[in-house]
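Novice: Below, each chain spelled out in residue letters.
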Amino acid sequence: MATTTVAGRRKAQTLPGERSLVASPSTWFVWAGMAVFLVFLAGIIVAVVVDSFGKQWFEGWLPAAWSTSWYSSAWERFELGEVIGVTVGVALAVVVISVLVGVPASYLLARRSFPGKKAVTALFLLPILMPPITYGIPLATVMYAFGLGRTVVAVILVNLVPSIPFVILTMTPFIEQINPSIESAARMCGASIRQVFTRVLAPLLVPGILAAGILVLVRTVGMFELTFLVSGPGSDTLVVSIYRAMTSAGGGEARQLISAMAVMYTVTMLVILVVALRFVNPTQLVARVKDARED
Amino acid sequence: MTTTTAGRARSTASLRHRLAERGIDPLLLLVLPALLFTLALFVYPFAYGIGLTFQPTAATQAQWGGGVLANYVAFFGDPFVRDSIWITMRLAVPAALLNVVLSVPVAMVLRRKFRGKRLMSSLLVLPITLGTVLTAQGLLIFAGRQGWINRFFLTIGLIDEPLKLVNNYLGVMFSLIITGFPFAFLLVSSYLSGIDPSLESAARTLGAGWWQRFRKIVLPLLAPGLATTFILTFVLAFSVFPSARLVGDPGGETRVMALMAYRSFGEQLDYPMASTIALVMGLVELVVVAIVFAWRSLLYKGSTGGKG
Amino acid sequence: MAISATTFESLELRGVGRSFGEQNALSGLDLTVRAGEFIALLGPSGCGKSTALNCLAGLLPLTHGQILLDGRRIDTLPSEKRGFGMVFQNYALFPHLTVEKNIAFGLQMRGVPRPQIAARVKEAIALVKLEQHAKKLPGQLSGGQQQRVAIARAVVLEPSLVLMDEPLSNLDAKLRLDMRTEIRRLHQSLGLTTIYVTHDQEEALSLADRLVVLREGQVQQIGTPDDLYDHPRNWHVADFMGYRNLLPGTVASVSGGVARVDLGGFTLTGVPVGSLTAGAAVRVAVRPDDLVVAVDGQLRDGNDVEATVATVEYHGREFAVSATTAGGRTVHVRSAVAPEVGDRVALTARAQRVLVFPEELTNASDDAASSSQASREEVPA
Amino acid sequence: MAISATTFESLELRGVGRSFGEQNALSGLDLTVRAGEFIALLGPSGCGKSTALNCLAGLLPLTHGQILLDGRRIDTLPSEKRGFGMVFQNYALFPHLTVEKNIAFGLQMRGVPRPQIAARVKEAIALVKLEQHAKKLPGQLSGGQQQRVAIARAVVLEPSLVLMDEPLSNLDAKLRLDMRTEIRRLHQSLGLTTIYVTHDQEEALSLADRLVVLREGQVQQIGTPDDLYDHPRNWHVADFMGYRNLLPGTVASVSGGVARVDLGGFTLTGVPVGSLTAGAAVRVAVRPDDLVVAVDGQLRDGNDVEATVATVEYHGREFAVSATTAGGRTVHVRSAVAPEVGDRVALTARAQRVLVFPEELTNASDDAASSSQASREEVPA
Amino acid sequence: PPSSGNDAAQSPAASGGSDVPDKPSAPVTLNILDVAGNQKLTGGMVDEFVKNHPDIISSVTWETGGAPDVTGVVKPQVDSGNLQVDLVLTGNDGLSAGIEQNLWIPIVDEFGDRLSNMKNYIDPAQKMQDLAGSDGVVVTYYPSGPLLQYNPDVVKDVPSTPQELLDWAKANPGKFGYARPANSGPGRTFLMGLPYMLGDKDPKDPENGWDKTWAYLKELGQYVDNYPTGTGQVITNMADGTWAMIPTTTGWDMNPRITGTEPNTIQAAHFDDFTWVTDAHYAAIPKGQSADKISAILLLLQDILTPEQNAKAYDQGYFYPGPAIEGATLDKAPKETRDAIKQYQRDWFDDLIEEMPKETPLAPAELVKAFDIWDREVGAGKYEAK
Ligand SMILES: Nc1ncnc2c1ncn2[C@@H]1O[C@H](COP(=O)(O)OP(=O)(O)OP(=O)(O)O)[C@@H](O)[C@H]1O
Ligand SMILES: Nc1ncnc2c1ncn2[C@@H]1O[C@H](COP(=O)(O)OP(=O)(O)OP(=O)(O)O)[C@@H](O)[C@H]1O
Ligand SMILES: [Mg+2]
Ligand SMILES: [Mg+2]
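Protein chains in written order, with the working numbering: chain L, 7 to 301; chain P, 41 to 348; chain D, 153 to 533; chain Y, 153 to 533; chain X, -10 to 375.
Just so you know, the hints here were simulated from the structure itself, not pulled from any lab data. Small disclaimer: the values here were computed from a predicted structure and weren't measured. For each residue, glycine too, the CB sits at the ideal point set by N, CA and C. Each hint should be verified, as a subset may be incorrect.
Below 20 angstroms or equal to it, Euclidean Cα-Cα: the simulated EDC-like pairs (lysine to aspartate or glutamate) are [stated by the list, open to error]: (1) 159(X) / 142(X); (2) 204(P) / 65(P); (3) 153(P) / 174(D); (4) 124(L) / 65(P).
A few chain Y residues facing chain L, derived, Cβ under 8 angstroms [as the list claims (entries may be wrong)]: (5) 246; (6) 248; (7) 261.
Bound conformation, chain L alone (with noise of 0.2 angstroms):
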């Protein structure tokens, strides 16, 4: 069979993707929704960030004139560089703590069976369960009693009360996938259990711990509850700042005020999330990493 002739039946035919996509209106369907939902979200995002550019805008397609006096003003009045590196410092800390701790306890819960194991299991789900305003202002109480409170230090102990749970419960579900004859053959080699955790084990969740480092992270920014309980000036964080702002003073800021905060406060989980990003894939966030672990 010459070459050309193939190379033309090869035109002719389908290939693998297209045909299913052709052939299915579900598809279509599915695909129109998603764009639906694109739209509005893009709809969302750009309406935001318009009204944080407009000075006025109160009718018509868009302001009737430009400003970026709302961002300089936000950043001022709320001290916004502060409270942003207060943000990211705590994010980062509490995303590091909740993972030092958190990862050796789902070790065990993804390894071990012991007396009492279910009984712990369910305690690390209910806090994340719980709606924080049932533990919140005693749990505040706890820190200012032991003068912390409005530090940052607070501020980082209260977000791990969810986010050690929340570690725990993602990461052992990945644990249960690395094969355990990986650690005892590291055992066989003579490493002790500290070496099998330092020099094997940790290399092999680093995906995983990733994926549960970003959700902590993405939890923490937007906490709010707990986080306001206990913060002050110098350990507020965005969302605080920004609900400070909307709530303050009665009637609280301008509209326009608000949605520069908020485009900040996106623009500054965006940043700390594209960073994260460039080590994981989004749709490993969760769990099940397993075949690209292997290779």
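Using the hints, position chains P, D, Y and X with the ligands against chain L.
Specialist: Using the frame of chain L, we list chains P, D, Y and X with the ligands on its own:
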């Protein structure tokens, strides 16, 4: 060392070995930091919060009676408060369901290989960066009476009156979907990736069309994962607070439990009552979670033949 | 109504090929299958066996060629319309359905009436002897039993063609032997046309009417088992047919239908496959059981090698010996008596049993094999 | 410094046992291993082979018995202190480390100085012939190469004992053969004491100095390969030693060192193993290659069966035939010529080649085997 | 962060005022929590005090929040004896929340003699001080409302009585609205102003004396499409044309136009006959405060209550007029303020403030009751208060 354990086959192993066999060994120390932390910073305050619910204010006691249980009597006796359970459920259950149901086909489509897949999935998970404030703000501006959506539809003559998309039930629903969908999508995608694609191939060679493959193979295998996803998105939706307040109708359709708790806490300064509402919130959540888990336990669960 | 194959006259593959991007996983496969035939596709990992099977099943669209069933093109039909049965490498049993329901699945999809389904499922279960396990879930079955469910699920539809993808590779040595006999029995009793993928030479030889040997997506040889066994067309096929000794060398002389090959330190005489001239790079292929330890210097056709015994393995009745020649080559030999490690022995082979192949294949060394394998693992099979 | 085993005088297992809750995965294992020996543990899936190995390695605490190395108890030592090497079934290579670093890992753990590590790793890599792949990650290697890394990683530590858990079970038929030779070579050249787990009879026979056959946690027989091959102690061991025909019957008569067994429709004469009396339930064991198709009615020892050919498999040179006797029994036979399916043939065997075992084992039928396998699959191996 | 100061020199004051020195032993730093938007009004005064008296207060940090945050923030600090907030500036609601939780030092009782300028309150401000009791000190005051704000493009016949407002809302459903009173100053002013206009039995008793008001609000509610939580959203609705009429106050009429969140084309009107429901901001000191800081705060407050300082409360019209002290006239305010006020104030404001009667708002406990009734019967629409 030879020891005898009562009623069991004689074991010549050392005590250390036998304890280790039951899972008690020094490795248990690994769970200790997390456990201590949770006990100190969660259990203690949580117990305190529960204790608070049994210390009703004098006013509550006078009005509702019931002694130490006055808060609960008040909660369930006052339709204004009690109804918020229903109002919250009416929001959270459909929102969680919608998120789960919508993410299944999307995850299915995005499971295929095609160009731009990664971009697409990144776009879909983007909203987790937005935060509730920006979402609420955006919805108000974009979908409000004067927003671009209404303006567009009015301009092309599709409608005469602006649609009411925010400051009501719908607005909160939008916000819950925008913030909840990415989570549901992420979870469902990962569960889906655990289903061995060769099962679908097998079904194809047995003559099953796409719907039959989905209905008979994928769905039953995905169901336990969907239950977990439902629970997680439900928990997120159930404690909805800022969006109920900002884009909802907080006096009416979206007077959710979190708002009621906040009202007691911040406006009426009745902490015991606020704790009670929050605790009932947690209990209602646990009930729903228990129901879903009970249903889940009826399903097939086990290996889905996949990589996981 | 007994289960029996719905038959056809012939299944024709014309220049069937499939590429993934730049890579040709399979190319130019021409094959005509007669009804009732048992065809085995044989080749190393990553050679395109599964690709060929998936193309036939309709699970992968072709990129080249056509598939015709009795002259009618079927390669554009979706797999659910082709009416073939398939047994997957990992069984692909539906884990949430009982054995019974797994088997009934295909019948339900075809809208067979309920009582008829029950009858046919019962029959299929009896066929694979799983009566006691009908209500179990696949997870509760042993590997061999799962295998049988997969087969029953495929044959209950009375498919015109059954495709099997390494169905035995996950089983125990003993179980593998039993299941092989089972498959043979089913094929013979139902008259199913079968295409069977394997990388196990013995399995292919023992089961198939005809073998197709593949290498890097290219057909190497098609023929009956004894054809391939005795007359491999190139050294790659020979390798798969149990010619474990494949020694590279240079042709010293060709005369009288035999070639004398210089193997660096010693020479061997053998039958050239294809035309060879002196000086050509060749591979000399000898089966371990054709290379025997010379007793009392009793050489065959003057074909002998001096070597030092490196390892001796007991195989029950006979010994597998590996020995190192003067040039550092390792040769594998069978022996009835066990020599000592370190013994110097003379090995000898009949010239007709020695095949000389041109070194025409690209170097399929360790490296190439491993890199193709590594790349394979990145994509789902 | 060449890699060589650090030796010991003897390793003694005294009544070693391990239970999981109620279930005895292994019980009463008594075995003394001499330095340099190659011991194979053989048995079906779930019989406790891995359990035994893990107990030795210290990865599982014993529940019964002791392990002594030169008289010193070692069963209470943690595994990292025992100084054994282990090769795992799935290799268990560290996926994030290169071949080199995988092999160096154990040396680093023992605090061996850096230059010395480099030298020994290089030597070990040369030993398993992976020089070109030293910098690759395990995921980039083929199965056989990974296998060799796993072996190198274990032997570089010069362990006094190497434990191998079905190291070849994941490999291709051809590769399996090559790796077997490799392991044999390593064992012989390094003088490593090795305990090797497998469910492949051929593998065990070809590699081991002594075999331990297990069944449901119980030792069935310990002996040299030819011992077991020719004198299995019970039919379970025989089953594993290739006596594929295991026909239940009743003893008709015992006389002159042979027993005549009624097999329902035909009788066979064989050598009784253990004391048997007339009327005892027995299993008659014959190897397929000991049961030959009688040519021209030429019977051996008057031992013959009439049967109908059911399947014929080509094995290159010879044919594997299964035939059905009058009583509906299936027997497996080897034959040099291919009979037609449906032919009636007479099969014959030498009486010394037929073993008669008491049916003393509990019924290890399909059911028992499958349920033990199913339960096994719920726990990680 | 500034030192929390729990060293020996700054040990907590005992109940008697005698332990508190006239002047702090060393300059202190102050953390001020503003939950009323009061920083806009008093920020300048504090800055000036700090500038002039570095020996008393070395520096000041501000933090802001909403009235409901008072307890969330201050209570854990008071309970644990570890104060991070030194001075709270709050409205009536936050002040009473703190009183309920027993958070405040009774300044007036203990240190009234050091705050002699409190004698110079203008009359309605004095009434606000009386309402607060001993735990807070009025720093700024305004008569508030209720007034109406409307979009002249839509509203042609401006209502001048509640009935006319109702009729207009009925004719233009969805075009009038106000925020949930619990979260909105104008909302609660409207709520508290209605009983006077409608002639209810007891304008200070929402439970029993507001029959007409509740009936009126329920009927009006049929034409209101939703009640936002916060005045911000109300202003946005007004600015973008979603609504055409809202209740307002002097400050809320001026400030959004000055800051540009509302177009200056928006007009204001007043009912023909109404009573101002006044409003004020208070300063309060959390319990457990050190003697030095109390001393500094007292000096600061005394200074704020001088006419020269208090005049800064005119600010940007947010609390128009703002000062609580006799003689704190507009001409004492900074020039920017004077210009803004001149441009944006309605020319009828000053006369109307002179003319119309003024009443203090509801006492906090009554106010909570009113909010509760409003939430149940107006906001949610169907729940009878028990
Ligand atoms: N979906 C795919 N995308 C890209 N390449 C693929 C894909 N599937 C298979 N290949 C490539 O095609 C070649 C043939 O693969 P195939 O699965 O047919 O091998 P095989 O002969 O079945 O091997 P094995 O015995 O390991 O199953 C391999 O080199 C593989 O890398
Ligand atoms: N952790 C465990 N808990 C409970 N039972 C176990 C555990 N590990 C093994 N078993 C049981 O012990 C028995 C022996 O298991 P083992 O893994 O030693 O079998 P094996 O001979 O290695 O089988 P295979 O050839 O399949 O690897 C099995 O019946 C298994 O069910
Ligand atoms: Mg394949
Ligand atoms: Mg095992």
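Novice: Does each hint fit the structure? Answer for all of them.
Specialist: Hint check:
1. At most 20 angstroms may separate the alpha-carbon atoms for a hinted pair to count; residue 159(X) and residue 142(X) meet this at roughly 18 angstroms.
2. A C-alpha spacing of about 62 angstroms is found between residue 204(P) and residue 65(P), which places the hinted pair above 20 angstroms, so the restraint is violated.
3. Note on residue 153(P) and residue 174(D): the hinted pairing holds, with a Cα-Cα distance of about 16 angstroms set against a maximum of 20 angstroms.
4. With a C-alpha separation of about 17 angstroms, the suggested pairing of residue 124(L) with residue 65(P) holds against the 20 angstroms cut-off.
5. With 8 angstroms as the threshold, the beta carbon of residue 246(Y) comes within range of chain L, its nearest partner Cβ sitting at about 6 angstroms, so the hint holds.
6. With a cut of 8 angstroms, the hint placing residue 248(Y) at the interface with chain L holds, because the nearest CB-to-CB distance is about 4 angstroms.
7. Proximity of residue 261(Y) to chain L holds as hinted, the smallest CB-CB distance being about 4 angstroms (cut-off 8 angstroms).
Violation of the numbered hints given earlier is confined to hint 2; every other hint is satisfied by the structure.
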